[in-house]
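Chains as they are written, first to last, in my numbering: chain X, 408 to 576; chain B, 18 to 248.
Hint data in this document are derived by calculation from the structure and do not stem from the laboratory.
Each hint should be verified, as a subset may be incorrect.
A few chain X residues that face chain B, going by a derived Cβ cut-off under 10 Å, partial list only [as the list claims (entries may be wrong)]: (1) Arg411; (2) Thr412; (3) Gly429; (4) Tyr430; (5) Tyr433; (6) Val444; (7) Val464; (8) Leu495; (9) Ala510; (10) Val511; (11) Ile515; (12) Thr527; (13) Ala528; (14) Ala531.
Label pairs and their calculated CB-CB ranges [as the list claims (entries may be wrong)]: (15) B/Leu27 to X/Leu473: 53 to 59 Å; (16) X/Ala419 to B/Val35: 50 to 56 Å; (17) X/Glu541 to B/Asp101: 42 to 48 Å; (18) X/Thr445 to B/Pro224: 50 to 56 Å; (19) X/Phe415 to B/Ile227: 31 to 37 Å; (20) X/Phe436 to B/Pro178: 41 to 47 Å; (21) B/Gln71 to X/Phe436: 23 to 29 Å; (22) X/Gly461 to B/Val35: 17 to 23 Å; (23) B/Asp231 to X/Glu541: 25 to 31 Å; (24) X/Ala521 to B/Trp193: 41 to 47 Å.
Virtual Cβ for every residue (Gly too), placed ideally from N, Cα, C.
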Amino acid sequence: MSERTIRFTSAALAAVGAAIAGYLLYVRFAGGTLACVTGGCDTVQHSSYAELFGVPVSALGLAVFLGLLAAALKRGELARLTQATLALAGFFFGGYLLFVQVAVIGAICQWCVASDLLTTAIAALALLRLRAGETSAEPSPTAVRPHPKPRPNGSRGPNRTPRQRARTR
Amino acid sequence: MPKSRYAVVLIAAAALAVVLIGASLLGARDKTAAVSGTTPAAHAASLFAGIPQQGTALGSPSAPFTLVEYADLQCPYCARWARDALPTVVASYVKTGKLRLVFNGMAFVGPDSHTALQTAIAAGREHHLWDIVHGLYAAQGGENTGWVTDELIAQIAAGVPGLDGSKLLDARSASWVEAELARAAATAQAAGVRSTPSFQLGPTGGPFHIVQVDSLGPEGIVPAIDSALAG
Chain X
408 MSERTIRFTS
418 AALAAVGAAI
428 AGYLLYVRFA
438 GGTLACVTGG
448 CDTVQHSSYA
458 ELFGVPVSAL
468 GLAVFLGLLA
478 AALKRGELAR
488 LTQATLALAG
498 FFFGGYLLFV
508 QVAVIGAICQ
518 WCVASDLLTT
528 AIAALALLRL
538 RAGETSAEPS
548 PTAVRPHPKP
558 RPNGSRGPNR
568 TPRQRARTR
Chain B
18 MPKSRYAVVL
28 IAAAALAVVL
38 IGASLLGARD
48 KTAAVSGTTP
58 AAHAASLFAG
68 IPQQGTALGS
78 PSAPFTLVEY
88 ADLQCPYCAR
98 WARDALPTVV
108 ASYVKTGKLR
118 LVFNGMAFVG
128 PDSHTALQTA
138 IAAGREHHLW
148 DIVHGLYAAQ
158 GGENTGWVTD
168 ELIAQIAAGV
178 PGLDGSKLLD
188 ARSASWVEAE
198 LARAAATAQA
208 AGVRSTPSFQ
218 LGPTGGPFHI
228 VQVDSLGPEG
238 IVPAIDSALA
248 G
C-alpha cells in the first residue's frame, strides 16, 4: 500500500470518527436521546466517565479525530509522527474506556465502540505509514526541488539533435 | 534510526494515554466528592422536614400538579439535579402545596443501583423514601464500586428522625420491595424513559407529559412548573 493510499484512507476514517464525536456532542448539548441499538448509549454518556474535568469526552474525541484528519492530509515526517502518536494514544485510551463500559458501568455505547474501531484502524494505518515513510519517495513540502539543467546559449528548446537544428536554419 | 522513531512514538502515545486515563479516574472520583459536599446524614436531615411523605410521593396529596422524577441513584446527573434544583422545587412549590413529587426509581446502572433502590423503596413504607434518596445522592460513590454499604445506609438512617436503620436493612429483602422495583421499571418503560433524570409533569392523577430539561439547575424545570400552574 502506498503512503498516499494510507493517508487518504486514514483521512476518510478520521472524518467518520469526527462525525460520530460531533453527533455525541450535539446530542449532549441539544438534549434528547441517542440513537442506540446496544441500549446503553445514554447510560454511558451520562456516566461520570463521560467527562474529563468538565470537558465531555466526545469533545476530546472530536478534537483528536480532527487532528488525525489534519495529520493524514499533510505530508512529511512531522505529520507521520503526529498521526501515529495521536492514533496510538487514542487506541490506548479507547481500550480503557471500553473496559470501563464493560466492567464498571455495565453498559455498552455503540458509538464509543465504533470510535474505538476507527481509532484502532487509524493506528494500524499510521504504523504502516511510518514504515512506508522510511522508504517513500513522496516528497515532503520542505524538500528542495532540483534546478532544471541550464540550456546552452542560443538553443531554442531541449533535446534537439544537430540535424534538427540544421533543418531550422 | 527507525527503531528509535517507533520508540519515541510509542512512549509519547503511552504518556498521553496515561495522562488521559489518570484525568478520567480523578475526574470520576472528584465528581462524586463534589456532589457529596457534606455528610449524608446532614443532607438527609432537614430538606423534607414538615412535608408529608407517602410511599414514593412527597408533598400534599391534594396538590394540583405532580412532577414524576425518573432517576437512578447511581446517576451523577440525577445527584446533581437533587443538589442544584430540588431544594428550590421543594421550597417554592412542594412546601407551598402547589406540587407533589413522585420518585420513580430505576436500577439500570448496575448492582449498587439495585441495592440503593431497594433501600429507598423499603424506606418509602416508613414514609422516608425522600430522606434516603437525598442521603444516597449526597453520598454517591463510583459506579458499582460497592459504595451502597450497610454502614452507609445505617449512617444516613441515623440522621432521619423516626427511621429505624436496622429495620430498614431487614426490609430491603422483602418480596414486596422487588415487586415495587418491577412496577417502577414497567412505569418507566411505559413512559418511554430512556435516560435519567427524566421528568413527567401533569395534573395530580394524570395525564402526564414528558418535560424536556436542558439544565440541571432550577432554571431547567421551574419554567415548566410555572407554565403548568398558570394553566
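How the hints compare with the structure:
1. The beta carbon of X/Arg411 comes no nearer than 20 Å to any beta carbon in chain B, farther than 10 Å, and the hint placing it at the interface is violated.
2. Look at X/Thr412: its Cβ only gets to about 21 Å from chain B, farther than 10 Å, so that hint breaks.
3. Restraint check, X/Gly429 versus chain B: the minimum CB separation of about 19 Å is more than 10 Å; hint violated.
4. Given the 10 Å rule on beta carbons, the hint for X/Tyr430 is violated: about 16 Å separates it from the nearest Cβ of chain B.
5. Residue-level restraint check for X/Tyr433 is violated (minimum Cβ-Cβ distance to chain B is 13 Å; threshold 10 Å).
6. Residue-level restraint check for X/Val444 is violated (minimum Cβ-Cβ distance to chain B is 13 Å; threshold 10 Å).
7. This hint holds: X/Val464 has a C-beta 8 Å from the nearest C-beta of chain B, less than the 10 Å allowed.
8. Hint status for X/Leu495: holds, given a least beta-carbon distance of 3 Å to chain B, under 10 Å.
9. Because the closest C-beta pair between X/Ala510 and chain B is about 9 Å apart, less than 10 Å, the hint holds.
10. Against a cut-off of 10 Å between C-beta atoms, the interface hint on X/Val511 holds, since the closest Cβ of chain B lies about 5 Å away.
11. With its C-beta approaching chain B no nearer than about 13 Å, X/Ile515 sits outside the 10 Å limit, and its interface hint is violated.
12. For X/Thr527, the interface hint is violated, the least distance from its beta-carbon to any beta-carbon of chain B being 13 Å, above 10 Å.
13. For X/Ala528, the interface hint is violated, the least distance from its beta-carbon to any beta-carbon of chain B being 16 Å, above 10 Å.
14. With a least beta-carbon distance of about 13 Å to chain B, the hint placing X/Ala531 at the interface is violated under the 10 Å criterion.
15. As the Cβ distance of B/Leu27 to X/Leu473 is approximately 23 Å, the hint placing it in 53 to 59 Å is violated.
16. For X/Ala419 and B/Val35, the hinted distance range of 50 to 56 Å is not satisfied, since their beta carbons lie about 30 Å from each other.
17. Checked against the hint of 42 to 48 Å, the pair X/Glu541 and B/Asp101 fails, with Cβ atoms roughly 56 Å apart.
18. Checked against the hint of 50 to 56 Å, the C-beta distance between X/Thr445 and B/Pro224 comes to roughly 32 Å, which is inconsistent with it.
19. Checked against the given bound of 31 to 37 Å, the beta carbons of X/Phe415 and B/Ile227, roughly 45 Å apart, lie outside it.
20. For the pair X/Phe436 and B/Pro178, the supplied restraint of 41 to 47 Å holds, since their beta-carbon distance comes to about 42 Å.
21. Here the CB-CB span from B/Gln71 to X/Phe436 is close to 38 Å, at odds with the stated 23 to 29 Å.
22. Between X/Gly461 and B/Val35 the beta carbons are some 20 Å apart, a value that agrees with the proposed interval 17 to 23 Å.
23. Checked against the hint of 25 to 31 Å, the pair B/Asp231 and X/Glu541 fails, with Cβ atoms roughly 52 Å apart.
24. Taking 41 to 47 Å as the suggested C-beta distance range, the pair X/Ala521 and B/Trp193 conforms, at roughly 43 Å.
This entry does not satisfy hints 1, 2, 3, 4, 5, 6, 11, 12, 13, 14, 15, 16, 17, 18, 19, 21 and 23, going by the numbered hints stated previously.
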